[in-house]
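The hints should help you fit chain B onto chain A, whose structure is shown.
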Amino acid sequence: MKIKAADIATILLSALWLTPLIVAVLLSFRPPDEPLSNGNIFVGSHITLDNYISAWAVAPWLTHYRNSVIFVVGVLAVQVVTITLAGYAFARMKFFGRDILLIVILLQLMIPSGVLIVQNFATVRQLGLFDTHIALMLPYWGSAFGLLLMRQTFREIPIELEEAARIDGANIAQLLRYVYVPLSIPAYVAFALVSISSHWNEFLWPFIITRSEEVRPLTVGLNKLVATTDVGALYNQLMAGTLLVIAPLVVLFLFFQRRFIESFARSGLK
Amino acid sequence: MTMVSNLKRVNSPREGKTLFVRALPYLMIAPTLILVCLFTLYPAVGSVVSSLYDPARNARDPAAYVGLQNYAELFDASHFIGATFMQVLGNTVFFAATTVIFAVPLALVFALLLNRKIKRIGVYRFALFYPALLPLIGAASIWAFLFADPIGLVNTVLRSFGIAGRNWTGDPSLVLLTVTAVNIWKQAGFVMIFYLAGLQNIPRDLYEAAELDGANERQKLFSLTIPLLRRTTLFVLIITLTNAFQTVEHLQALGQGGPGDSSNLLLYYIFQTIGERRNWGYINAMTVILVLVLMTFTVSNFLFFERRNHED
Chain A
173 MKIKAADIAT ILLSALWLTP LIVAVLLSFR PPDEPLSNGN IFVGSHITLD
223 NYISAWAVAP WLTHYRNSVI FVVGVLAVQV VTITLAGYAF ARMKFFGRDI
273 LLIVILLQLM IPSGVLIVQN FATVRQLGLF DTHIALMLPY WGSAFGLLLM
323 RQTFREIPIE LEEAARIDGA NIAQLLRYVY VPLSIPAYVA FALVSISSHW
373 NEFLWPFIIT RSEEVRPLTV GLNKLVATTD VGALYNQLMA GTLLVIAPLV
423 VLFLFFQRRF IESFARSGLK
Chain B
325 MTMVSNLKRV NSPREGKTLF VRALPYLMIA PTLILVCLFT LYPAVGSVVS
375 SLYDPARNAR DPAAYVGLQN YAELFDASHF IGATFMQVLG NTVFFAATTV
425 IFAVPLALVF ALLLNRKIKR IGVYRFALFY PALLPLIGAA SIWAFLFADP
475 IGLVNTVLRS FGIAGRNWTG DPSLVLLTVT AVNIWKQAGF VMIFYLAGLQ
525 NIPRDLYEAA ELDGANERQK LFSLTIPLLR RTTLFVLIIT LTNAFQTVEH
575 LQALGQGGPG DSSNLLLYYI FQTIGERRNW GYINAMTVIL VLVLMTFTVS
625 NFLFFERRNH ED
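Residue numbers (our numbering), protein chains in the order written: chain A, 173 to 442; chain B, 325 to 636.
Looking at chain A on its own, in the form it has when it is part of the complex (with noise of 0.2 Å):
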């Protein structure tokens, strides 16, 4: 009995938390001109990809797709350079000041600099860099949280390795291409996962600091729809519209749950 419980539970909360994805869905295929009248919400008289359409002529989701994929790439291909540097530094070398300035860089963990837009904006001002690729990007090119994992990551690779690696000639570029790195992949693949899917979905930052649409990212873009749905409540496209912007992510995430939730269990993070 105990365990029925459990499984209807289990059904009805998996029901319930899947219901706005299930909404979503049916109403983006529903046709736009059969009103969503009361008791009717779900189902129109036909599929229709209608909605789709109307959505896809509202912004230009291709230049948003395009710069969501150069935002979170271009995020990610430098992280990867700096926390290896950096994490490498602090795992393996001894150095002065190294426990001072690791906290200085942990100051990041602690104050989150989603918060810090205002001053933020105004630095990214002042660099000449508003509206731009670049200015999406360079606040998060460093990354305290990537740095901590990739340090623990070489910690735990046996130094005996890296002695070797030396006797046999090996600088520090060569110990990292061919020992630290070859051995750090699932830490690297944890990283990105929650890099990539923090910068894709990325809104407050990306709206502030771009004004034109060959820079804005989808959520960017999906705002643009939000605001037309108020004026009309064109609710069909904006659920079509909203499909589009997170399909990459749902997709990507069906492929590789485990992997998805063990990287987001590892990192504590948003």
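What the hints contain is simulated information worked out from the structure, not anything from laboratory work.
Note that CB positions come from ideal geometry on N, CA and C, so glycine has one too.
Be aware that one or more of the hints could be misleading.
[As the list claims (entries may be wrong)] With a Cα cut of at most 25 Å, we get these calculated PhoX-like pairs of lysine-lysine:
id: 1; chain 1: A; residue 1: 176; chain 2: B; residue 2: 443
id: 2; chain 1: B; residue 1: 441; chain 2: A; residue 2: 396
id: 3; chain 1: A; residue 1: 266; chain 2: B; residue 2: 443
[What the hints assert, rightly or not] Output of the computed footprint for chain B on chain A, the stretches with three or more beta carbons under 8 Å from beta carbons of chain B:
id: 4; segment: 192–204
id: 5; segment: 225–235
id: 6; segment: 251–261
id: 7; segment: 310–323
id: 8; segment: 425–438
Chain B alone, transformed into the frame defined by chain A:
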């Protein structure tokens, strides 16, 4: 641990290294350090400094040093900015506290349900976790329909039970509840993964021993599982609070903090007023307050859990 001795063996500065080798660690951390200084340290200090000044009314006047007056006015309900700030701060505290009170127990329930041998676990895991993965503004735009009046799903369901629909994103007494509910829906699955990890760390034989002693399911849950998860619980309480103080993007699609500022949250208010030059001192003072709140959470988290790591 062998770490300390390892560090001495590699790159000891006393081995007559060249300048380059001695500078190398600094060069390797420089990019990260510079970026953190530029986008964390500098803006944090900049907020504190700006918060102590009354901004110039025009370009020719210098900003006037006013000490803590901006802060005093933020907490003065009779002042125009104080009235707004107290409302927004109160909303934020309500939003964060309510999220924690509902999302954390829900997450524990989710984790207990999924931490069993059941069929189609992947489907259930997806169903409960996917909200955590959505962009807030995307999640909110879906909920904007669910909460729409009169055609949305929530009101349709209510009407089918004979209850009158409400204006969930327009009624000043409801919008804050609406945006909080959306956040609970989104956070519960995220917190669940920490409980799942915590549950997997509990040794099986503890349960076997309890069963030998005749413990029933309820006793195992309340005398074993929940007490053994208390570190996880402490951790998720802190991160859920920390996240809640920064989670505002859904407001953009759910009432934009209104009507008035009845559902506004601190970071969203800062975001909305970012261009108001004359309120620069207030905006920075609010940022400082938000930073202090978050630092309190993250530092306490750090103290609790770094200490544990050193004990391990």
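Now the hints, each set against the structure:
no.	hint	in the structure
1	A/176 - B/443	holds, 13 Å
2	B/441 - A/396	violated, 45 Å
3	A/266 - B/443	violated, 51 Å
4	192–204	holds (count 5)
5	225–235	violated (count 0)
6	251–261	holds (count 7)
7	310–323	holds (count 7)
8	425–438	holds (count 7)
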